[in-house]
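Hey, can you work out the whole structure from these sequences and the hints?
Number of protein chains: 2
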Amino acid sequence: MPTLRLALAQVDPTVGDLTGNARIVRDTTRRAADAGAQLVAFPEMMLTGYPVEDLVFRESFVRASRAALQTLAADLDTDGLGGLAVLVGYLDADGPSRMSAEADPARGPRNALALLSGGRVVTRYFKHHLPNYGVFDEDRYFVPGDALQVVRIGGVDVALTVCEDLWQAGGPFAAARVAGAGLVVNVNGSPYELNKDDVRAELCARRAVEAGATLAYVNMVGAQDELVFDGDSIVVGADGAPLARAAQFAEELMVLDLELPAATGTPPAEGAGMAIEHTVLSEQLPTPPAPRATYGIADRIADEEEVWAALVTGLRDYVVKQGFSSVVIALSGGIDSTVVAAIACDAIGAEHVHGVSMPSEYSSEHSQSDAADLAERTGLHYRVQPIAPMVDTFLANLELSGMAVENLQARVRGVILMALSNQEGHLVLTTGNKSELAVGYSTLYGDSVGGFNPLKDVPKTLVWQLARWRNADAKRRGRTEPIPANSISKPPSAELRPGQLDTDSLPEYDELDAILARYVDGDASRADLVAGGHDAAVVDRVIGMVDRAEYKRRQSAPGPKISPKAFGRDRRLPITNRFREA
Amino acid sequence: MPTLRLALAQVDPTVGDLTGNARIVRDTTRRAADAGAQLVAFPEMMLTGYPVEDLVFRESFVRASRAALQTLAADLDTDGLGGLAVLVGYLDADGPSRMSAEADPARGPRNALALLSGGRVVTRYFKHHLPNYGVFDEDRYFVPGDALQVVRIGGVDVALTVCEDLWQAGGPFAAARVAGAGLVVNVNGSPYELNKDDVRAELCARRAVEAGATLAYVNMVGAQDELVFDGDSIVVGADGAPLARAAQFAEELMVLDLELPAATGTPPAEGAGMAIEHTVLSEQLPTPPAPRATYGIADRIADEEEVWAALVTGLRDYVVKQGFSSVVIALSGGIDSTVVAAIACDAIGAEHVHGVSMPSEYSSEHSQSDAADLAERTGLHYRVQPIAPMVDTFLANLELSGMAVENLQARVRGVILMALSNQEGHLVLTTGNKSELAVGYSTLYGDSVGGFNPLKDVPKTLVWQLARWRNADAKRRGRTEPIPANSISKPPSAELRPGQLDTDSLPEYDELDAILARYVDGDASRADLVAGGHDAAVVDRVIGMVDRAEYKRRQSAPGPKISPKAFGRDRRLPITNRFREA
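Line by line, the protein sequences give chains A and B.
If you read the first sequence in this note's numbering, its first letter stands for residue 1, the second for the next number, and so on.
If you read the second sequence in this note's numbering, its first letter stands for residue 1, the second for the next number, and so on.
Hints listed in this document are in silico derivations from the structure and should not be mistaken for laboratory results.
Check the hints yourself; a few may be wrong.
Here are some, though not all, of the chain A residues that point toward chain B, as calculated from beta-carbon distances under 10 Å [unchecked claim]:
no. : residue
1   : Asp17
2   : Gln224
3   : Arg526
4   : Val538
Here are some chain B residues the structure puts well away from chain A; computed CB gaps all over 12 Å [to be verified]:
no. : residue
5   : Gly119
6   : Thr123
7   : Asp146
8   : Ala201
9   : Gly212
10  : Ile348
11  : Ser364
12  : Thr393
13  : Thr461
14  : Asn471
Cβ coordinates follow ideal geometry from the N, Cα and C atoms, glycine included.
Written out as structure tokens, the structure reads:
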């Protein structure tokens, strides 16, 4: 059996940064070559970043992607890396965009994967299964490929596949079995969701067995707008047993030797409804240099750690890729703003995090003391800016009462945050959790002000859970617990009127989150919820609030997706919707 | 030749309002029956409204839609209308949602059209061609139908089709020819775009000739969130000649007699790649009562009038369907807020429109006098609320300079508008035009505050054009010109610093709009724009501003779509995007 030394590059491209992404490929390929690798695989649409959305319709972008690929092939050769086979995802097209009824269904943009070697593009594979659900709109953007590419590398037939090709039955993996491939490479831009790593690992095992081949799955890491990529690259034997698995949420270069079956003869020209195209790059390669390259199986991390890492990664990449270097957060001493501040400190360092306490006449004593305690524990920059003078001036000039006065306080805070952002250049973080966002328990242009919301997809009960985990983790490591105990234990309040508590307006969060999980994530009906044991009046109140809050959600800041249905591209509801569950 | 009396119901359903929409069907069918109609056609997804987006994934909504259809069939019969054939669009499904990779591609939700008669559902057609571009995501939501339904009504074979079936070649229209249909009915939820009516009429003529059949095209009217439906229903003879055409932007019930070929024999079981299913409802119907029913060809309206009607319709339906009864607008005396106020007065009546002048120390004298003039001309409610006390208090408490001070003024105005909204119940209208939105020339949470933006898709040069048209139209009718001449003629300024003009930051609007039309709507490249005669430095400045403003646009209020690419569901770009046109 030939031995192939494979490198999987779990890296972090940036959408649109063709030059920077090509630089990552060159640098990483150099490292892989230094480790003796013969085949290096990068994630889906590595050169363009993923997802590029409507950039697909910009012909100049397609041209730039194709040109960057040619340049990269030549540059790798110039770098002395032409002897390696390098798999790089990019955007290709053989016709105009699909943006109309008249578009030719057989021509248009492609989610493409190129094999580069010897200074040239050896072969190109076009993604066959296009996902068009959840956050994905690939039927809108791409024409599916109908030919499996099989490349003989060092005498081993390697089949090329992209992401969704793994998730749907039939197609490329079935064709790879017909082709007798010894290795299937699957390159991914597969977004994180809580518990998705387990599903993915099982699926990899199943498809490897179906294809009768070793499977090498490489995923990107990092974040793009609301999507977080967790890496978790994996290699699975033809028997479905895991051979190697990378850490989650970290850049990794996995290099390992694989014993693979030598190809015999030429694959048939078609199989499983696809054409099979065969290219011979090399019938034999030198045995990789000693010592044998191995890579272990990284431990899975606990759920809270996983979510925390996703939120930190999502925030860090948003700040960095948007070109900010600092953030500002309104600190109320409550659990949401406290957890956001702790995430921000972990993501970009406390020296880049600015907290502002903005007490009003209704703010509790502990509002300021807990915020100050947080600042001391984490080392973030802290200041106090009372809002009374501004609020009083509005009240003296306008006739306001009730809810208008409550919202006014939140809006004055929003104006202050944005003024600090304009004056000092910080990105404003907003801190409304998923439960609040679901029921619209926030002030539009008030506490919802901000460019990014780390808790957008985190239900309130999970916010508390994360806070406890983060403190416990710090304690385990002998570090200062960042989150004041009082911020965790006190009853939540917006503090916009005397003695106000969240439970004046909302059910207890345990019950609220249980209802929301089923209604929002599960699309359950009112009848399902009542049958599930929830009080009918509570259910009606909650789902009524959710249905009326769509407009607010539409204007909310982006935030990292961690659930099956975040309030982002994965859930698209009309603002005007008169349907009421009966 | 049999004569069939056809009624096309150009009506305005509301998304999710199954009861209200069924009520429209019953009332309109009653009117059609009174006019002697034998076949009545309602728009696409009449019962549910359109588009319902992710409501498709709510099984309780699907069940409610199916149940409402059965109830409607029975109610029509109880109403004594069971003798008519009534075509009603609705949501159907024969399996769970498509929201995953594992979904059965042959089962799931359907964009369906039912023929109701005699108290029952006689037949159901499932839309074959699903649009998945622009504002449409139907591949995400629906399973395509593969059987053309042909129903014999009064001895005429009538083929049923839905919307996109008309726009794409092949499929139902080709199958209708094979089936020998005498009439093809096409029901629509086809959103308005400037000049789309011409394209649509030509397409109807072409498809009628291709099918060799009379074509009856019925479209909805009104608006749903950002989409405006212009009606423009049309009947075209088998030779492609228009027989009747409804007015744009008005509810209409077109009733007309059609001489149609008598069906002979049974259609073949398949054609043009589709199954053909034939149902006989009636071989003969009584001759419709005299006099003969005719319907003329409504005049097309001029471009400015068409856009104005779209903006009025979009605003009116948003206000009404969201349950508001009044709006509040910041009046600066400038052209944008003035035009928005005039649109609002036309949409919901001046007595429901509240204008607020919020002068600052940088406001010109004419800022207030022009706003007051507008109020007098239109009769809207007008008040003055100076912002100096609030601005001064912020400045006394925060260290701000430059842009932060400019934005502060806009944000204080935003807080005042939202306070008035909370206190008095008005919907806040925001007034940033498409040119400003494109380049990000606005203050986030300042002048962008609001629930709806009538000018979201209207370039600045078109705002002026509309103002001139509206005044000229008023003059023609002997009415007061609503828009002060000075608001049209003065140079645009944000008035956030002394002597500020838009041209300090932006090119002249003629040039800006010319660049934006090509870059935004046309996806032109920098090279295209420079080759088109624009100065390279200006192009670079403009497209750089556009690329950086995606985040602001993402948080902007909805507004009526009038162009091929509004800043809504039809244009989806990453916020983080490092691609720079070379």
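Now the hints, each set against the structure:
1. Asp17: Cβ of Asp17 of chain A sits 4 Å from chain B, so the hint holds.
2. Gln224: Holds: closest Cβ of chain B sits about 6 Å from Gln224 of chain A, inside 10 Å.
3. Arg526: The hint holds - Arg526 of chain A has a Cβ within 10 Å of chain B, the shortest such distance being about 7 Å.
4. Val538: 18 Å, violated
5. Gly119: 23 Å, holds
6. Thr123: Fine: 26 Å to the nearest Cβ keeps Thr123 of chain B off the interface.
7. Asp146: Answer for Asp146 of chain B: holds, closest chain A Cβ roughly 16 Å.
8. Ala201: Given that every Cβ of chain A is farther than 12 Å from that of Ala201 of chain B, nearest at about 16 Å, it holds.
9. Gly212: 22 Å, holds
10. Ile348: 16 Å, holds
11. Ser364: 22 Å, holds
12. Thr393: The claim breaks: Thr393 of chain B does not keep its Cβ more than 12 Å from every Cβ of chain A (closest is about 4 Å).
13. Thr461: 24 Å, holds
14. Asn471: About 32 Å separates Asn471 of chain B from the closest Cβ of chain A, which puts it past 12 Å; holds.
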